[in-house]
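Q: Sequence:
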Amino acid sequence: MRALDRKLLRDLRRMRGQALAIAAVVAAAVTSFVGSASTARSLDESLRRYYDLHGFADVFAGLVRAPRTLRERISEIPGVADVLTRVVLDVPAEAPHFDEPITARLLGVPAHEESQINRPILVSGRMPEPGPVGETLLSEGFAVKHGLGPEDALTVVINGRRRGLRIAGLATSPEFIYQIRPGELLPDEAHFAVMWMDAAELEASAGMPGAFNDVALRLEPGASGPDVLGRLDDLLAPYGGLGAYGRDLHVSHRFITDEIRQLRAMATMMPAIFLGVAVFLLHVVFSRLVGTQREQIATLKAFGVSRAAVAAHYAKFAAAIALAGAAAGTAGGAWFGMSMTEFYANFYHLPLFHYRLDPAVAAEAAALAVGAALLGAASAVLGAVRLAPAVAMRPEAPATFKATLVERLGLHALFSQPWLMVLRNLGRRPVRSVLTALGVSTAVAVLVVGGFFDDAMDFILDFQFRRAQREDVTVVFARERPGAAIGAVAGLPGVIEAEPFRAVQATLRSGHRTRRMSILGLPRNAAMNRPTDISGAAHAMPPDGLLLSAELAEALGVAPGTVLDVDILERNRPRLRVPVAAVVDDMLGLSAWMDIDGLDRLLGGGGLVSGAFLLVDPAAEAALHARLRGMPEVAAVTIKKAALRSFETIAAESVLFFVSVLLVFAVVIAAGVVYSAARVSLAEREWEMGTLRVLGMTRAEVSRILLGELGLLVLLAIPPGFALGRLLSWLIAAAMASDLYRVPLVIDGPTYVFAASTVVAAAVLAGLAVRRHIDRLDLVGVLKAKE
56 MRALDRKLLR DLRRMRGQAL AIAAVVAAAV TSFVGSASTA RSLDESLRRY YDLHGFADVF
116 AGLVRAPRTL RERISEIPGV ADVLTRVVLD VPAEAPHFDE PITARLLGVP AHEESQINRP
176 ILVSGRMPEP GPVGETLLSE GFAVKHGLGP EDALTVVING RRRGLRIAGL ATSPEFIYQI
236 RPGELLPDEA HFAVMWMDAA ELEASAGMPG AFNDVALRLE PGASGPDVLG RLDDLLAPYG
296 GLGAYGRDLH VSHRFITDEI RQLRAMATMM PAIFLGVAVF LLHVVFSRLV GTQREQIATL
356 KAFGVSRAAV AAHYAKFAAA IALAGAAAGT AGGAWFGMSM TEFYANFYHL PLFHYRLDPA
416 VAAEAAALAV GAALLGAASA VLGAVRLAPA VAMRPEAPAT FKATLVERLG LHALFSQPWL
476 MVLRNLGRRP VRSVLTALGV STAVAVLVVG GFFDDAMDFI LDFQFRRAQR EDVTVVFARE
536 RPGAAIGAVA GLPGVIEAEP FRAVQATLRS GHRTRRMSIL GLPRNAAMNR PTDISGAAHA
596 MPPDGLLLSA ELAEALGVAP GTVLDVDILE RNRPRLRVPV AAVVDDMLGL SAWMDIDGLD
656 RLLGGGGLVS GAFLLVDPAA EAALHARLRG MPEVAAVTIK KAALRSFETI AAESVLFFVS
716 VLLVFAVVIA AGVVYSAARV SLAEREWEMG TLRVLGMTRA EVSRILLGEL GLLVLLAIPP
776 GFALGRLLSW LIAAAMASDL YRVPLVIDGP TYVFAASTVV AAAVLAGLAV RRHIDRLDLV
836 GVLKAKE
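Okay, so the sequence shown: first residue is 56 according to our numbering, each after it adds one.
To be clear, the hints were calculated from the coordinates, so they are not data collected in a lab.
Dumping the calculated DSSO-like pairs for lysine-lysine here, alpha-carbon to alpha-carbon at most 30 Å:
#1 K695 / K200
#2 K371 / K356
#3 K696 / K200
#4 K356 / K62
#5 K62 / K371
Predicted model, so just to flag it, every value in this text is computed and none were measured.
Full structure from sequences and hints, please.
A: What follows is the structure, given as structure tokens:
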């Protein structure tokens, strides 16, 4: 072993406390990078493999009814590789020992040789027997919620008739990775079941023999998606086509790809913050290290050691700390990634989702860590290289001290002598003081970000389920019905009030920009479900024109007063021109509302409704649920309390894990910054501390001078940390925003209190560790004057 390498080992052993503090910060950066990046890659690779193996479609379209013979014409569209035509129905269902209404989506499974698109994947049991034998595959998530398995039974209402179905097996599908009902914000697997039946049996039960109402396509490589969509729309238009759309607009796919995008954003943002702190710590430590080893550097150069060798020695020192942190961080990132993998595999029902730590991710993390370490040590290393032996043999010139601002203002009488010493030392090294405070501010900011997620989820819960959606139950009819049907619903047990709505499928166009969606018709002064902006203000329906969400208005490039082309995708498919009356800054992405009477006039009258929002007496809920389950004209029932429970469960699982990880990171950063700064300050002021002890100061008084300086920096760092945390939260909210939803920038007071108190506690623990070193000062050794 070379002499310089032995020196490196001795230096690492002597400075192990500071080296470990810096390595811990580097480990936090690498953990966040490896965990987020490797999970995103694993999720992306698993998703593509899952889609390819099980034939997830590229194009989807719904319609009213078409003969099966149309399938041949669809398959002739240039670029189409495979076609799936089937019957899809949303029907009421009943599960054993469960009194609340359930919606089941029934999907016909064609003969094996007909199509390989969107086929269910058997998890347990067997495939249903073909023919009218009353067997089904049941979605695994619903089965788990209700404790169901093969050979159990469910009851569904198809075409007005109750029918018992025996569960042949449990399954998942690439269509329902995110199992959510249309129009809902979050999945509710306790109240929404997916069931696959023999295609011929479902067609017969639904009164659609030889017909279909749903199409899915797989495209050939290089096929033009827009051309296929246009040709498919033309073919389906005479049969009540509701507009074809690509995989990118499929709800399940969009949710999971948004998750991947957010993970990639986190793999960039958080590591950059942590590595920035590590760069600062290394800069301070190595500047001090080179200053204390001036004579050693001079001796090495005098004996012929080259500048490159000296530079390499200190570079290896920094790299060793970074690699130690990278190794620990890679292990932590693997654990982090596996934990997130388990969460995503359960949440998204991905049977092929396996975590894999890509060696390239680990290598990239190590390279980033080493690069940050070299950047932090660069100025100190360059200073060591430039030192001439003769200059280095002499002690450093003493610093030039000036009166502090407090003294110049004549306020020094207000402070005790120890506190004046604290203020003077901070004023002598303003850059280091600012950087130390900034490092602590980063820890505060990380905790604020963690609290932001919790606060934002609470705000969304209150906003969506208490302010915007004030109804207790939503009833959706199997098909549009006359307005008098609302009276029948209002007369059900426990219904205090019923408010109608009408949902109409349409394509909104503004120039080359288009969006396919539902226009929701509401009463002019809707009291239950109403457009509500993020400030909590409810908007009444304008008598004429559309009310658009801000996200939709931006996507279409329109403002109030703009006239939109609206292609209605139902009945006689009219093409209308409708002005934008107002824009609502809400949180749910793409929404369009209209006065229900104005919508009815545009569509030619008839007074039809799609369903009703109900205000319900809690004492009569059970009786209402029983009546709704027995109404064949009702296709779906949403119970707000159940949706709220689902939201709270999902939020608790995801947010708690993420906040816990951020808490660990913040404590590591705060303790690392304070401990490292304290050790450097102690190393620089050992002679001063020793002199004060000899002059009669106690250990506690001497410690108070050094730790008081750090305590003041911590307190000064907290307000900027709040501001930095708010900025980071805003950036994260912007990164998470999508067409589906937006996360509001909401940070409550308790979050700031928790962030500040946690960082102060971490700083106190680090200070106590340094206090031990102060107590053990060798007074004789530190007071020896250098010749």
